Amino acid sequence: MIKNLAPRSAYTAQTDSALAAAELIAGLGEATPKLVVFFATVEQDGTLIGNALRIRFPEAHVAGCSSNGEFSEQGHGTGGAVALALGSDVIEQVASTLAILDDGVPVGIETAAAVLSAQLGQSIRDLDPEHWVGLGFLEGASGREEKINEALGNIAPLLPFVGGSAGDRIRFERTWVYASGELRHNACALLVLRPARPFAILKTCHFVATPAEVTVTKADPDKRLIHELDGRPAIERYAELVGVSVAELGFPHFLANPLGLMIDGEPWLRSLVRAQGSSLFFACSVLEGMTLNLMQAQDIVENAATAFSKATAPLGVPPRAAILFNCAYRMIEVQIKGIDDAYHNALSSVVHAGLHSNGESYLGHINQTLTGIVFS
Amino acid sequence: MTRIQTMEALADALRARLPLPSNFYVVNTRLILQTGVNLRKIKDEQSQDQALIRKVLDALTRMGVTIEGGSP
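Same order as they appear, the protein sequences are chains V and P. Residue 309 in my numbering is what sits at position 309 of the first sequence, and the numbering runs on without skipping anything. Residue 392 in my numbering is what sits at position 16 of the second sequence, and the numbering runs on without skipping anything.
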């Protein structure tokens, strides 16, 4: 008999992957999920964990990726792993595969989309976005998220993919993703879900736009560099905006003062990584001609506490489970402030699993944001 | 076949082409991130910029959204 499964998550701090897999399996309990996602710190053996979950849950799609740290309502940390099991009361239909990027992003994404369409028996281009949603664990070390999101949009422009970039302790050297029983480094794990009940895409941040605006007058989007803002060296204009000298400018300013592309009143954050000469290197590409606002931080714990209810308010039903992608910059901020327990407690009203990611995705690549899918 | 001359005409044609009004948000957001043009908030200098109009049309074509014919 196939049992339905209430959403259930598991967390382990074990750094030994065999022990971590055993703890995740024990934590998920007796279940027959349709989908199991897992996130594990990059040094973990993702193949071992993924295969162990596949053996334990043979009827489930199992997908995961490496992280900068992982969290659920059961616990949070860096070095271990989390998993979330969703049954047929949450997920009606799933397709999953790897998009292998060895022959370039477009080929990898197109090939994967064909596999997803074959699994579903219909083209993902034709899926109704009211009932379907894409989920992506993106290769997170090589700065190709814009191209990956664009390729997904070219294949299925009406179907939103939400997700994040796999982590590697914020080294941007090598990440891994797992799907279809295989772990790859130069790849994305892509899933398409038909939730059984209303769902919401979560995209939230704790920044609001200030009136201070700048226009990007010279940039190299492929390299994520901004050379000039308002016709002046980017570093000078940004330091002026923040109110410090160029010599004083450092990572704390970058962390606290991202720039935001405002779309219909909502910020799409572009986070600064470092100065590069008189240019600024961002974690996200910005086009010449774009107007960006200097952003001002609000309470990140309050932002987390209201994230689910705000996302699901239009549905009129309470949230039950979530898959989350939390920017590593958000992780750094709560760690610096010593409020990481409060932050994760604020998320813990809902069963969830998430990773601290190297970037977030929703229709495009974004920074310093919490994205995810919230299931009712 | 009518040639699109203004960004406003392009926005109207896109709205007419999409199956549902709610689809416009998703496609428009993709366009903003790829081209810098917000079809809901067209800047004066973008309105008749033929090179920029071509850039947006090209982005739509890559998505398989042909303004003069076909469907997304």
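I should point out that these hints are in silico values taken from the structure, not numbers from a laboratory. Fair warning: this is a prediction, and the values are worked out from it, not measured in the lab. C-beta atoms are modelled at their ideal positions from N, C-alpha and C, and glycine is treated no differently. Just to be clear, a hint being listed does not mean it is correct.
Chain P side only, calculated, beta carbon under 8 Å to chain V, not exhaustive [claimed, not checked]: (1) Thr405; (2) Leu409; (3) Asn414; (4) Leu415; (5) Gln424.
Evaluated hints:
{"no.": "1", "hint": "Thr405", "verdict": "holds, 5 Å"}
{"no.": "2", "hint": "Leu409", "verdict": "holds, 4 Å"}
{"no.": "3", "hint": "Asn414", "verdict": "holds, 7 Å"}
{"no.": "4", "hint": "Leu415", "verdict": "violated, 11 Å"}
{"no.": "5", "hint": "Gln424", "verdict": "violated, 15 Å"}
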